[in-house]
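Could you build all of it, start to finish, from the sequences and the hints given here?
There are 2 protein chains.
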Amino acid sequence: MLSGDRRALARVISLIEDRDESLRTIIDAIYPKTGNAFVLGITGPPGSGKSTVTDKLVAEIRKRSGKRVAVIAVDPSSPFSGGAILGDRIRMQSHSGDADVYIRSLGTRGKHGGLSQSSKEVVMALDAAGFDWIVVETAGVGQTELDILRLAHAVCVVLVPESGDGIQVMKAGLMEIADLFVVNKSDRPEADKLVRELTTLIGMNEKRSAHDEWKIPVLKTQALFSQGIDELFAQLQEYRAYAQEHGVLAKRRLAFIEDEIAGIILDEVSRSIRRNLSNTTGRKIVSAVYNLLETPHQASEKFYHSKSDQKTLK
Amino acid sequence: MLSGDRRALARVISLIEDRDESLRTIIDAIYPKTGNAFVLGITGPPGSGKSTVTDKLVAEIRKRSGKRVAVIAVDPSSPFSGGAILGDRIRMQSHSGDADVYIRSLGTRGKHGGLSQSSKEVVMALDAAGFDWIVVETAGVGQTELDILRLAHAVCVVLVPESGDGIQVMKAGLMEIADLFVVNKSDRPEADKLVRELTTLIGMNEKRSAHDEWKIPVLKTQALFSQGIDELFAQLQEYRAYAQEHGVLAKRRLAFIEDEIAGIILDEVSRSIRRNLSNTTGRKIVSAVYNLLETPHQASEKFYHSKSDQKTLK
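Order-wise, the sequence lines are chains C and R. Under the numbering used here, the first residue of the first sequence is numbered 1, with each subsequent residue one higher. Under the numbering used here, the first residue of the second sequence is numbered 1, with each subsequent residue one higher.
Honestly, I wouldn't trust all of these hints.
Which copy is meant is left open, because identical chains are indistinguishable; a pair holds if it fits in one copy or across any two.
As the list claims (entries may be wrong) - List time: in silico BS3-like cross-link candidates among lysine-lysine, alpha-carbon distance up to 30 Å:
id: 1; residue 1: K302; residue 2: K33
id: 2; residue 1: K67; residue 2: K120
id: 3; residue 1: K120; residue 2: K302
id: 4; residue 1: K33; residue 2: K284
id: 5; residue 1: K251; residue 2: K302
id: 6; residue 1: K120; residue 2: K284
id: 7; residue 1: K251; residue 2: K171
id: 8; residue 1: K120; residue 2: K171
If you're looking for bench data, these hints aren't it; they were derived computationally from the structure. Given the structure is predicted, the values throughout are model-derived calculations rather than measurements.
Pasting the structure below:
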């Protein structure tokens, strides 16, 4: 995989998705090769055209920089909302002749949970495999999607006038995660109104967080006609340079590492709790709660301090 | 709240949503009053009409049984997908004159994470407040939604022919959680085809899990015209009696309690990890990972065994 074999890469990603037992060995082996990629998150409500933006941006990155690009399309609710992402994959075949573009979808595969942890590890694998840009496109703006975007060095939020007004953007928590806004399908009426609303809200936010010198741009695109994509790429390059220089990349990489470490520990603790819940002591405690003799909080304290738990948790 | 004051109930739910510090005291006080309600989850892909099914079912429960009903509409991606749920709330005002129906939406309020834990606690509050039926309607079939539905005693999956075929239903993990299927808008072409596909898939599943004697029904409804809702209510009553008799309710209540205890512990461990990551030892470990001297797994082991961690985790 490290020498650029695409099939090996695909296999590693499948092992990550399946939470295979060999995972730890693999991650330990590839981790020292990471730390070079720029990870861009692209999100937005359904119908905003974020997939088209991604598609055109990939073409622009290839044309302007010649760098290798990987795209992972993450959809926590596939296969039901899978229509769009399936469509993407077909459309994305415009890059299929390009050995320096790698595209992969990540869904829940019927087993739920763990998508956020898997996404981080897939990003590590792509980073180790030498991709300079890793674009993480999420299917929507739900809780799981926003959790996943914590792994990005930059987040681009794609909106259309129809998807809502500035207040909704703020309520959805998108103000807090956006480093760039794109108003797509900008030929539609109301596009300028949304741009103005966003600009005002950004201005208000900036007063609150004066330490950050990056001025969040609000760009207009018509991605379907490749309009505005050159400016988007230019702004991303500028952001990347800014983030490198001002320690933002370092800060986000540290946050990524903390999330990954916490994720590994929580996975392990979670398994340990499940084991302890089903042993003799555990079943007694659960049964006391079932019979309303104890509350869940009281039980959790017993658990946390119970002998078997101490042994397992060290 | 326990004496039926709706305003007190609304305040308690807000405290739960805000993860207020008084939470533990409140849950400890109300928990002994729980264990009487029947918790029904209703889910389905967007556009399946599950809100209409919920609305009509509430009316049917009220008419047939006279029991008190609470509805919580959970949407992990509000406010963007909030259109539908807002619509519901307006439509649900058909029950607004009825003091024995309580309706509440739960969204992410801009802060992400914790919706699954909050939902469990809101269900406890409604149970303690004396609602006999608690209907939990989710906005879609994403990872978060399916996690949330683990709290239900029964799950009703609402589909329409347009939302996909049987194979997609299986892939989305809905076969594993459904206790009843509803094919809504059943006047549309292809409805019977979906009913046949689901029935076949259920038959195949039953062979695998022969211990379960409940035969999952596939019902046809046209909820907008209240058609098929009487049959749905009848099947739910039958399921409730079956589940009571065969220990299914007991099993699900035990699973709920285990989830709640695990959730409380994981919340606490998570906070403890975050504290430890930012103390002197923690920062040293994270920095070693940042500099590629250690892998996240190696670091997580140090953490897990580090002095400060032991002290906090006990």
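Inset, instruction - Give me the numbers of the hints this structure contradicts, sorted from smallest to largest. - result: The structure breaks none of the hints.
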